[in-house]
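Anchor point for the sequence shown: position 107 equals 107 in our numbering, and the numbering is continuous, going up by one each time.
These are computed hints drawn from the structure, not numbers from a lab.
Some hints could be false.
[Unchecked claim] Here are the simulated distance ranges between beta carbons:
#: 1; residue 1: Thr-125; residue 2: Tyr-299; range: 27 to 33 Å
#: 2; residue 1: Ser-115; residue 2: Asn-201; range: 44 to 50 Å
#: 3; residue 1: Asn-271; residue 2: Arg-58; range: 19 to 25 Å
[Claimed, not checked] DSSO-like, lysine-lysine: derived pairs with alpha carbons at most 27 Å apart:
#: 4; residue 1: Lys-104; residue 2: Lys-61
#: 5; residue 1: Lys-254; residue 2: Lys-195
#: 6; residue 1: Lys-195; residue 2: Lys-64
#: 7; residue 1: Lys-214; residue 2: Lys-254
#: 8; residue 1: Lys-104; residue 2: Lys-173
#: 9; residue 1: Lys-70; residue 2: Lys-173
#: 10; residue 1: Lys-214; residue 2: Lys-195
#: 11; residue 1: Lys-254; residue 2: Lys-70
#: 12; residue 1: Lys-61; residue 2: Lys-254
#: 13; residue 1: Lys-214; residue 2: Lys-64
#: 14; residue 1: Lys-173; residue 2: Lys-195
#: 15; residue 1: Lys-214; residue 2: Lys-61
#: 16; residue 1: Lys-173; residue 2: Lys-254
#: 17; residue 1: Lys-195; residue 2: Lys-104
Quick reminder that beta carbons are idealized off the backbone N, C-alpha and C, glycines included.
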Amino acid sequence: MFNAKVYFGYVKVSKNYRLRHMKKTTILLALILLNTIIYSCSSDDNPEPQETEPTENRLVKTEKISDTRKVDYVYNNNDLLSGGTGIFNSFGFIFNFSYDATNKITEWNHQETGSGTFSSNTFFTYDNSGNLISYDAVNLTYNGNIITVTGTIGGNQNATIFLEKNFNGLITKLTENDNYTIFEYNSDGNLIVAKNYNNSNVLLSTFNINYDQKLNPFYGQLASIYVERFIEFFYPFDGIYISGFEGYSFPFIKNNITSISENNIELTTYNYTYDTENYPLHIIGNSSTDTIEFDIEYYE
């Protein structure tokens, strides 16, 4: 188990959290980035958002650190992410998404190759209003704008957490056993502040996220499993890990992150080189201890 926080590449390791790539294997990114260690309303009247066609976005073909560290993506006829292949030196993976007739994700298959092999399938089920109600050993129930989540969550058995959503379906509060976190958004729906409190309402930490004004090319995918993705990256809460390499891990922010700070101390900055349509081509991430660079290639 790595004791690491890597803002560059979505690696989240702490509190016995199980490492996963996008969904199950962010450990792959730890293998890449081990030397870069750094630190809403939902009910029957407001169903879970359906997967929408990202008509504004160009489709990302490849994210590339080097010839042996990259991810290639493919899409279905509706321009929805259908799968991809990745390689990190001698370690490889393949993932595929299946959709129903309403463009909701119903199955996520993941396979790994290398020194060993691994394969997993996750099935997603929804209620008649389109709300996600189960995946893996996790169950979700809805009461107004409150979602009660129970089961084995983030590797924690018999866990229960509560999520609150605003009118736009964005999660604004995560309640755990011994703490809770408030999430604030700007008018574009980008997460800009996360404040973590203990159960005595004492503020423990404040995270601030800044953005450019250019469109995030990964935005608009995986909408039907937004809640699952949110839980993956924010429970148990110990920081912000939604920036960096593998942009489809959390494709729910409209613009590109330029900096992340904790308690007014800047942790990470990102600098972008854009194409003529203002899409990122080259990204440089800097922390106080290291730098990562990668490129994005698009389908024509």
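Results for each hint:
1. Thr-125 <-> Tyr-299: 27 to 33 Å: At 31 Å between Cβs, range holds.
2. Ser-115 <-> Asn-201: 44 to 50 Å: 48 Å, holds
3. Asn-271 <-> Arg-58: 19 to 25 Å: Holds, at about 20 Å.
4. Lys-104 <-> Lys-61: 22 Å, holds
5. Lys-254 <-> Lys-195: OK: Lys-254 and Lys-195 at ~21 Å, within 27 Å.
6. Lys-195 <-> Lys-64: With a Cα-Cα distance of about 33 Å, the restraint between Lys-195 and Lys-64 is violated, given a limit of 27 Å.
7. Lys-214 <-> Lys-254: 8 Å, holds
8. Lys-104 <-> Lys-173: With a Cα-Cα distance of about 24 Å, the restraint between Lys-104 and Lys-173 holds, given a limit of 27 Å.
9. Lys-70 <-> Lys-173: Outside the cut-off at roughly 34 Å; violated.
10. Lys-214 <-> Lys-195: 26 Å, holds
11. Lys-254 <-> Lys-70: 23 Å, holds
12. Lys-61 <-> Lys-254: With a Cα-Cα distance of about 19 Å, the restraint between Lys-61 and Lys-254 holds, given a limit of 27 Å.
13. Lys-214 <-> Lys-64: Since the Cα atoms of Lys-214 and Lys-64 sit roughly 20 Å apart, the hinted pair holds (cutoff 27 Å).
14. Lys-173 <-> Lys-195: 10 Å, holds
15. Lys-214 <-> Lys-61: 19 Å, holds
16. Lys-173 <-> Lys-254: 20 Å, holds
17. Lys-195 <-> Lys-104: 31 Å, violated
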